[in-house]
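Protein chains: 2
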Amino acid sequence: MVLSPQHEHLLDRLAEVAVRVGVNIAHGQQLLITAPLDAVPLVRRITEHAYKAGASLVTPFYADDVATLARFRHAADDTLDTAADWLQDGMANAYRKGAARMAITGANPVLLANEQAERVSRVGRAASRAGRPAMELITRFAINWNIVAFATPAWAQQVFPDLSVDAAVSRLWDAIFQASRVMVNDPVAEWEAHNAHLRKRAAWLNERRFAALHFSGPDTDLTVGLADGHAWAGGAEPAGNGIICNPNIPTEEVFTTPHARKVSGTVRATKPLFHQGTLIDDIAVRFEDGRITEAHARTGQDVLERILDTDDGARRLGEVALVPASSPISRSGILFRNTLFDENAASHIALGQSYAKCMLDTDNLTEAHLAQQGANTSFIHIDWMIGSSKIDVDAVNHDGTREPLMRQGEWSNQP
Amino acid sequence: MVLSPQHEHLLDRLAEVAVRVGVNIAHGQQLLITAPLDAVPLVRRITEHAYKAGASLVTPFYADDVATLARFRHAADDTLDTAADWLQDGMANAYRKGAARMAITGANPVLLANEQAERVSRVGRAASRAGRPAMELITRFAINWNIVAFATPAWAQQVFPDLSVDAAVSRLWDAIFQASRVMVNDPVAEWEAHNAHLRKRAAWLNERRFAALHFSGPDTDLTVGLADGHAWAGGAEPAGNGIICNPNIPTEEVFTTPHARKVSGTVRATKPLFHQGTLIDDIAVRFEDGRITEAHARTGQDVLERILDTDDGARRLGEVALVPASSPISRSGILFRNTLFDENAASHIALGQSYAKCMLDTDNLTEAHLAQQGANTSFIHIDWMIGSSKIDVDAVNHDGTREPLMRQGEWSNQP
Ligand SMILES: [Zn+2]
Ligand SMILES: [Zn+2]
Ligand SMILES: [Zn+2]
Ligand SMILES: [Zn+2]
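Heads up: the sequence lines are chains U and S, in that order.
So the first sequence is numbered by the working numbering: it starts at 38 and just counts up by one.
So the second sequence is numbered by the working numbering: it starts at 38 and just counts up by one.
The following block holds chain U by itself, in its conformation from the complex (with noise of 0.2 Å):
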């Protein structure tokens, strides 16, 4: 796989944009970042870049697919529930001593579709309760993190599947170029104004401070009620080591954190859902007390229980998020079948986690407390779109009238 000298130059500056605006390194700052092996030319030129700007010590890891798959089709069945704890807490250590995370994203998102459903979600299970530490540092903002993408030969294939395997790499780099907004002659100013509009919005839905919101459509009739004490967050923020980062390249979303026993009625997704190299699609729920009662999927129904029963908070969401279905990646018609990508095409919800960032006044407040307002409690954070130009929002204020949010996908209002 070569890239053209365009996309080589492309290639660098979404590296320097997930340096300088992702992840935004402090001088004297560790980065540790994780990646798909194909996705060393953007892991080296990451490294130059936060050398560059100051970082002290840059340390990849590595994921195989091959070695994944591997480990499903030879390991014995009872060594299935191992996890690299050791690992995790190292790295979880790395951050609460001041180092910075970058997740570099492009799996195959279907690759495990041909495993056994028990034996993936042992694995899973395992993975996420050893990665627990690590992520409640990252789900409450501790510190600076960004994910970005890389154009993997597998993950391309899936997206572009009528195309040549180079053909859709270079289909998809357009596509994710285009996305991350490197494409313009000044990525880091063109950051900044984004990251301003954003702010716009969630300032203006934080002076708001509805209830709920309302989601209608095909097949969908879901009030999402808000937490009390809820904050909207969009594009860059100050993590809690004060360091001001963009989690998300691309980032098209404003979200906060819904009452995890304030959500009822149904809903269908509008995009499918790629899970841990598993694909669960046409997913319709039906919420009680915020509660996930019924769930149905016409694929991947075993995966969806199994994450269902992941733990209480599994059935309940931490996150609702509102993307306009103008946003440029919506635009592009591509289902990128990544969730850092197709949640910036979508309204979503997510299933688990909620973010501490997504709640006033943190720092005050014990975890009994935030629970109390509404927060959730999960090993679990699954975003899952259900947003599209056939879904209507409306606002639910206290005294239980309403507003239009956003009509066939679009904002109602310019804030």
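Accuracy of the hints is not assured; some may be wrong.
It does not matter which identical chain is used: a pair holds within one copy or between any two.
SDA-like mimics (lysine to any residue), calculated; alpha carbons at most 25 Å apart, straight line [what the hints assert, rightly or not]:
(1) K134 - M172
(2) K427 - E152
(3) K237 - S207
(4) K134 - F98
For the record, the hints were derived by calculation from the structure and aren't laboratory data.
Since the structure is predicted, the reported quantities are computational estimates derived from the model, not experimental observations.
Given chain U's structure and the hints, the job is docking chain S with the ligands onto it.
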């Protein structure tokens, strides 16, 4: 770089030998692998064999020469004393909880030859310090571990500078497969016979309990006192966790603990030393009462001095090893520029940390007691070749009498 089908087959055998003979992975054991990025094909085969043999989880860590150089070229001066202590601590925790360790060697032996010695030394020292807890478990042989080699293009070109890259890699693979004893019908049986041979030699030396070894030859007149309660080792041995493993593939040496305060005389290296990406050539040193009091090198004098200044133990010996000049690696006539191979082509000494398994009764002795008996402690352990067909070795008995041990590099007796 494409391997021939024959080389692919031998690569798979090497992986199998590394898993079954080298680390001898136990059912349910985790395996940590460190490797150069180029070694992905071997890591994948080792991973598959490890899972087939019962490994619960295989976790690779890849080192990337490009990223390493990026740090030396771009990182700020005030960040170079940083190391991945969180990762080294995590690895040490993994070993304490029962994981095995596999290291794949094959990095460019002169990667850092053009970098500033001061920067190289600071980075190396920080890495050694951070790696201390894990290295301590390795040097006292608490866990099963193994080092095996991969012929990277950068290494092959250093070994065969007159060949094309492809030809150099192919020749280096031939040499690795030969030295690693996988070019036979049944490599596992071959290794059993080889281990029995080394065990017999070590048993004979342990029975004789010599007081010292005396090396003589061109520019060499060196007496290496042996530690009280020294134990000779060689080939496969049981690690502290009870698993019998072969730490080095290849291995041709029998080795033991010198007395840290009873080494005297002069010695000249018989091969250049490649240490952390730099070359130290034509080393000549004088020992007095176990301590190096004079040290010269034609190339890399500054690096050598920095090594000796690491700590007090860095100027004293932690290992003395005997290898006949007729060992297959020696007979190949190749200077591998890699310690794993070159130390198995010649008798050698090592600066720094001694091996606990090379002392008797270590379970019942305190660190202080072992030190009193002559064991050495240091952040470093650097092997250094002093044997050749021009070197004679005498054994010195406690009554001062001498007997020939090696003449012109060959054993004087068959045990
Ligand atoms: Zn979201
Ligand atoms: Zn989310
Ligand atoms: Zn040795
Ligand atoms: Zn050694």
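These are the hints, each one checked on the structure:
1. K134 - M172: Both: 15 Å inside a chain and 23 Å across chains, each within 25 Å.
2. K427 - E152: neither (35 Å within a copy, 61 Å between copies)
3. K237 - S207: Classified as neither: same-chain Cα gap 35 Å, cross-chain 61 Å, threshold 25 Å.
4. K134 - F98: both (19 Å within a copy, 21 Å between copies)
The structure is inconsistent with the numbered hints 2, 3, although it conforms to all the rest.
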